[in-house]
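Undergrad: If you want the building blocks of each chain, they are given just below.
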Amino acid sequence: MNVIETSELGKRYRRGWALRDCTLTIPGGHIVALVGPNGAGKTTLLTMAVGLTRPTAGTLTVLGGEPPGSPGALDHIGFVAQDAPLYRNLPVADMLHLARNLNRRWDQRRAEDRLGQLEIPLRQKVGELSGGQKAQLALTIALARRPALLVLDEPLAALDPVAREDFLASVVGAAEDDGVSVVLSSHVLAELERVCTFLVVLARGQVRVSGPVRELLASHGAGLEEIALRHLRAGIPSSRTEAGQ
Amino acid sequence: MTARTIAADAGPAVRRRPVPWSKLAWVTLRQRRGLLIGGGILLGVFAVYMVIMAVIQNNAYATVAACHPAGALKCQDLARTFSRTYWGGGAGPVIASGGAQTVSSLLFAIPVLLGAFAGAPLLARELESGTFRFAWTQGAGRTRWTVSTLALPAIILVAVTGAFTAIFWWYFRPFLADGQVSEMLPLGFALLGVAFAAWTLLAYSLASFLGTLFRRTLPAMAVTLVGYIALAMATATAIRPHYAAPVTVQGWNNGAAWVISQWVKAPDGQVLNQQALGGLAQHLPPSVQNSPSPDAFTNWLTQHGYTLWQSVQPNSRFWQFQLTEGAWLLAVSALLIAATVWLVRRRGA
Chain A
1 MNVIETSELG KRYRRGWALR DCTLTIPGGH IVALVGPNGA GKTTLLTMAV GLTRPTAGTL
61 TVLGGEPPGS PGALDHIGFV AQDAPLYRNL PVADMLHLAR NLNRRWDQRR AEDRLGQLEI
121 PLRQKVGELS GGQKAQLALT IALARRPALL VLDEPLAALD PVAREDFLAS VVGAAEDDGV
181 SVVLSSHVLA ELERVCTFLV VLARGQVRVS GPVRELLASH GAGLEEIALR HLRAGIPSSR
241 TEAGQ
Chain B
246 MTARTIAADA GPAVRRRPVP WSKLAWVTLR QRRGLLIGGG ILLGVFAVYM VIMAVIQNNA
306 YATVAACHPA GALKCQDLAR TFSRTYWGGG AGPVIASGGA QTVSSLLFAI PVLLGAFAGA
366 PLLARELESG TFRFAWTQGA GRTRWTVSTL ALPAIILVAV TGAFTAIFWW YFRPFLADGQ
426 VSEMLPLGFA LLGVAFAAWT LLAYSLASFL GTLFRRTLPA MAVTLVGYIA LAMATATAIR
486 PHYAAPVTVQ GWNNGAAWVI SQWVKAPDGQ VLNQQALGGL AQHLPPSVQN SPSPDAFTNW
546 LTQHGYTLWQ SVQPNSRFWQ FQLTEGAWLL AVSALLIAAT VWLVRRRGA
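If you're matching them up, the sequences are chains A and B in order. Here the first sequence is numbered in the numbering used here, starting from 1 and rising by one per residue. Here the second sequence is numbered in the numbering used here, starting from 246 and rising by one per residue.
It should be emphasised that the hints constitute simulated quantities derived from the structure, not laboratory data. Zero decoy hints are in this set.
Derived lysine to aspartate or glutamate pairs resembling DMTMM-like cross-links, with alpha carbons at most 20 angstroms apart:
| no. | chain 1 | residue 1 | chain 2 | residue 2 |
| --- | --- | --- | --- | --- |
| 1 | B | Lys510 | B | Asp540 |
| 2 | B | Lys268 | A | Asp107 |
| 3 | B | Lys268 | A | Asp94 |
| 4 | A | Lys125 | A | Asp94 |
| 5 | A | Lys125 | A | Glu112 |
| 6 | A | Lys125 | A | Asp113 |
Chain A regions said to be covered by chain B (calculated; three or more residues, Cβ under 8 angstroms):
| no. | stretch |
| --- | --- |
| 7 | 49–61 |
| 8 | 80–88 |
| 9 | 102–111 |
Built from N, CA and C at the ideal position, the CB exists for glycine as well.
Extracted from the complex, chain A is given alone in its bound form:
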């Protein structure tokens, strides 16, 4: 099952095209690094995948053919937007209860266990948590929904190095334990290099390279960072890199 599949996908805002002619297939079972410079269209692609925005052109389906934003898609996609927006004035326990009441699928024990391990107090207000704790809480809520696909937009941007390590470990743990497919975006590939099994490089609204990390390494004979850089510099879409899927 392809968790995200796009065909000539485009999104135009007032200031111009944020994403254009984006044809991309992301198979399930991977930890996908979606990287590219700021303004490359990463957030645009992800917000369309979770159904927050509609495409201007082309098509996009998730989880093997579901339209984004449909009940079936919403039920099975856990999304954490950039800066992990949550209700700051609510205590953690109420934030969990709120998320529980907004979802059909919910694993309360799992959420509480995770927060216990992370030593995030249930009585603390969300607004009083540290950046790392808040990101972990948002991840906990997304995972408690038992998603098939976890979408994280720039999850590491606001975190200090220790919190980054812990957060990535949590994501990898979830992927391994539950078989959740994960898509993370970042403008720094180095952050994700060690954990990702699939790479998508975006620049100026277009896909520059995409494919399983192992195949990319074998065919390019270079490090991941260098592959990404080479494609960003070349400025031409590496069209059929994903054709082998």
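Given the structure of chain A, go ahead and fit chain B onto it with the hints provided.
TA: Same frame as chain A, now just chain B:
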């Protein structure tokens, strides 16, 4: 790591019942808890004051109403004292300071304040803080979430303002009986019947819509305030008088009615304009000009063959007018709420 197979239950093929409204209602109430508690305390204190005053006024008026014969000097004195104390707020007890006249004009502000504070932040705050990205990507879906977010506060507001209307009836009963205020006059009309709740609902719907449109709470509140005042004034002066054709009656003392306009006809049947009437007033005999009685001029006019006319909306049309106004306010509110849901559905990230 190699590609893993996805857990068997993860496929979206299985359709389940949507998230129940009761759960969404919990979410809405929990998010508005501060407003509910704060607003509840404020309105509760105000309700207690209104009830206490209603009891005092009704008791005081009972003596006025019981006085016989009503035309006697003693009884008229009693009525005047009652009116001065409780309506005008002259020399009454401290608790009645300001009087019902002042209270009733303050009450005008309640619908728009309630509506703006409850409605404007509903979606604007989600859009301002980015939490809509959380709320709209949960399993319930954004449409269901929006409907719950908008409908529940609306129901609570209508229930609360409806209860306040009941208190107002009680509070104003002596003055309505006394003729201090007609329930058809703008002052009474907006507070009684279904109007008070309907205007609150309109302010709330307008504020929610503008909050979603502007994505900002404060501008939405400000524009709601201005828009509401403009619409309320236009309604009282230009729209409401036309719910039914006014009745033309002779005489200027039609107590149980809302007077839309009045004029004087000369003995030859000509309608006097303002200028002619002013000229007439200047050439009155000194006995009439210097008379302390406010009716001296009109009495002189009728004695000299002039006739006085009024165009009125009689009090008997109160419920017809209330239901007309309630119906169109409800329709406009429903449109605004539908437009808000539509905005949310088409709004991108």
